[in-house]
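**Q** Residue numbers (my numbering), protein chains in the order written: chain A, 1 to 259; chain B, 260 to 434.
Treat the hints with care, since some could be wrong.
In silico lysine to any residue, SDA-like type, Cα no more than 20 angstroms apart, as pairs [unchecked claim]:
id : chain 1 : residue 1 : chain 2 : residue 2
1  : A       : Lys150    : A       : Thr129
2  : B       : Lys392    : A       : Thr129
3  : B       : Lys424    : A       : Ala53
Hints listed in this document are in silico derivations from the structure and should not be mistaken for laboratory results.
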Amino acid sequence: MDKQRIEKLIETFNTGKASPAEIGELETLIEKSAVELSALSDLKVLQDRIFDAAVPEPTSRLDNQFLQLISSHKPEARINWKQMFSWPNLVPRFSLAAVTLIAGLAAGYYLRPATSADPQIDQLSQQVTDLKEMMMLTLLQKESATDRLKAVNLTQEMSAASEKVTGALLSTLNNDSNVNVRLAALDALKAYTNDSDVRQSLIQSIARQESPLVQIALAELMAALQEKSSVKEFEKILKDDKTPRDTKKRIEENIDVLI
Amino acid sequence: MSKVRDGDIDKLGLLFARYKKPLYGFFYGMNKDSALAEDLVQNVFFRILKYRYLFRGDGDFRTWMFHIARNVSHDHFRKNKLRKKDSIDNWQDRLSSHEDRSTLYVEDEEKELLSLAMDRLPEDKKEILLLSKFQDKKYKEIGDILGCSEGAVKVKVFRALQELKEVYKKLEVRH
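Produce the complete structure using the sequences and hints provided.
**A** So, in structure tokens, the structure goes:
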């Protein structure tokens with residue numbers, strides 16, 4: 001079909017005078033894209049108005065429904081143990097753990113308290129202890145019982161006494177002329193009863209004591225320590241006629257505890 | 260859409276934000292019921308999720324979506340046969356309630372008449388005009404949706420516009 005015929009057909013249609021046959025002809029041309037819809041003025045206006053017509057907005061209800069839809073379709077997070085313990089996953093984790101450990105050790109090493117002052121402090125405290133020991137030993141030699149008591153009390157300020165100190169205390173316990181001093185020495189020695197040598201010396205000291213007060217104090221200490229080997233020594237005191245009856249009674253009570 | 264198909268469901272949110280309005284407009288144009296139009300949009304996205312593996316990725320998503328939308332629309336009217344009665348039977352009802360709708364949808368008299376004329380078109384003609392609107396006159400894509408050639412779509416649009424013109428003229432005379 002020639003161009004003129006097509007233009008005439010379009011014109012006839014646009015004036016509203018197209019016959020059914022002409023409309024059929026026009027449809028054929030439209031189907032073959034020989035005539036564009038935009039060329040048909042009345043219909044174009046109508047179509048443009050359809051395009052321009054406002055479209056109402058959906059409400060927020062639609063958004064909410066969509067969110068619910070999405071959340072219901074999301075796959076649940078499931079732990080894939082096999083994948084979790086696969087080497088590609090483990091290597092970075094172990095690396096991180098190793099790096100963290102090394103960093104922690106390094107930080108601990110560099111942030112540790114400065115040790116340079118420690119030897120000085122240790123040296124100083126050792127000097128103080130030595131000084132106290134010397135002072136104690138000196139005081140024990142004094143004639144005054146008060147001085148000797150002070151000497152015995154000094155040992156209580158020492159955190160760890162040396163053999164020299166315990167030896168001096170045992171010597172005081174065995175030989176001091178003053179009962180109060182001997183009792184104080186015994187009291188001071190209680191702190192060192194964990195030492196088997198000290199315990200043995202205390203047992204040996206029992207028979208050497210003449211003062212009932214010291215004898216009773218020793219008996220009570222032995223009972224508290226559950227030192228059964230001391231019973232023989234106490235029996236010697238019991239056999240001694242010089243021992244007062246009350247003392248014997250107290251010692252017997254403590255022996256009963258031991259046996 | 261390819262990402263949605265591959266399991267990235269969150270990406271569907273982008274498609275929803277982009278296409279909810281044209282879809283809603285299509286359904287609203289078909290039935291003039293805003294709540295129903297929203298439900299049908301929701302139904303379309305439900306089907307998109309359900310059948311996402313069917314999206315081949317070589318075609319236009321919009322065309323695929325409107326293909327689903329058309330099926331959703333047809334399924335709805337098939338299930339609700341009362342609404343599927345001959346549109347002429349519904350004219351009286353629509354006329355009685357058009358004032359409420361017109362205040363929402365159109366402002367001036369011409370738009371009101373056009374809206375009424377659209378309502379009086381048979382479903383298939385109304386559908387082709389709405390598809391050409393929301394598919395931006397891409398007749399080839401509409402042909403893919405309807406399963407016919409581009410030329411056949413143009414003829415359908417031509418016939419629908421002709422009928423719309425006739426209905427519009429009749430309404431104009433009454434007013």
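**Q** Which hint numbers does the structure go against, in order from smallest to largest?
**A** 2
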